[in-house]
Amino acid sequence: GNSVTQMEGPVTLSEEAFLTINCTYTATGYPSLFWYVQYPGEGLQLLLKATKADDKGSNKGFEATYRKETTSFHLEKGSVQVSDSAVYFCALSDSGGTSYGKLTFGQGTILTVHP
Amino acid sequence: KAGVTQTPRYLIKTRGQQVTLSCSPISGHRSVSWYQQTPGQGLQFLFEYFSETQRNKGNFPGRFSGRQFSNSRSEMNVSTLELGDSALYLCASSTSAEETQYFGPGTRLLVL
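Top to bottom, those sequences are chains A and B.
Just so we're on the same page, my numbering is the position in the first sequence counted from 1, plus 26.
Just so we're on the same page, my numbering is the position in the second sequence counted from 1, plus 79.
It is possible that part of the hints are untrue.
With a straight-line Cα cutoff of 20 Å, these simulated SDA-like cross-link-like pairs (lysine to any residue) come out [as the list claims (entries may be wrong)]:
| no. | chain 1 | residue 1 | chain 2 | residue 2 |
| --- | --- | --- | --- | --- |
| 1 | A | Lys75 | B | Ser175 |
| 2 | A | Lys86 | A | Glu68 |
| 3 | A | Lys82 | A | Thr50 |
| 4 | B | Lys92 | B | Ser144 |
| 5 | B | Lys136 | B | Gln123 |
| 6 | A | Lys75 | B | Glu177 |
| 7 | A | Lys75 | A | Thr54 |
| 8 | A | Lys78 | B | Glu177 |
| 9 | A | Lys78 | B | Glu178 |
| 10 | A | Lys78 | B | Thr179 |
| 11 | A | Lys94 | A | Asp80 |
| 12 | A | Lys75 | A | Tyr92 |
| 13 | B | Lys136 | A | Asn28 |
| 14 | A | Lys75 | B | Glu178 |
| 15 | B | Lys80 | A | Glu68 |
Listed next, the stretches of chain B that the computed footprint assigns to chain A, with coverage defined by at least 3 CB atoms under 8 Å from CB atoms of chain A [to be verified]:
| no. | stretch |
| --- | --- |
| 16 | 129-139 |
| 17 | 178-191 |
The set of hints was computed from the structure by calculation and includes no laboratory data.
Virtual Cβ for every residue (Gly too), placed ideally from N, Cα, C.
With the sequences and hints as input, model every part of the structure.
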């Protein structure tokens with residue numbers, strides 16, 4: 027079946043530091059890949075997505091590139107802010123066959139940014 | 080456009096009771112998916128509905144059920160609650176199963 031593995035956290039950074047959160051996946055088909063962010067006490071917000079190999083998703087300074095050869099979708103940001111502190115989830119959607127409407131999530135990475 | 084709404088936001092129940100959670104999707108979205116989020120198991124898929132039909136179901140016991148109405152609003156029901164059912168229940172909507180899912184704020188259920 028499908029699976030997503032995220033780097034173990036938590037991750038603690040100083041403001042303006044460079045961020046990388048690793049994500050690798052296993053899928054039987056040709057999945058779409060997503061990063062979602064969850065702030066305390068809230069639901070998930072879509073951060074960015076990529077639907078095919080070599081696509082780059084970007085939003086609010088965050089970027090991730092769909093790498094089929096390494097089955098990866100690593101999240102990066104050049105300069106983090108305190109307001110980026112949240113939990114980040116990598117997810118895939120493989121809507122073929124019996125996977126209708128199902129997102130498979132990684133375990134989440136807690137990011138804390140200090141001033 | 081209004082986002083996904085879920086009611087109630089918080090709920091406290093006791094073991095053995097049942098509970099019904101509601102989800103109103105973004106206008107025009109016909110697919111609704113439900114997820115359970117717990118610290119131990121993370122985010123797990125419960126089921127997906129499209130045009131009032133359940134098309135996919137996760138690996139949860141039969142105590143967990145759902146339905147979708149003609150206006151695409153969805154409900155999920157958990158019967159005979161157990162302590163382990165304490166979780167954040169999230170619903171997400173999309174135009175179809177193949178499209179991006181947008182999440183609601185969740186319903187936090189505490190079972191005592």
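Violated hints, by number in ascending order, as checked against the structure:
none
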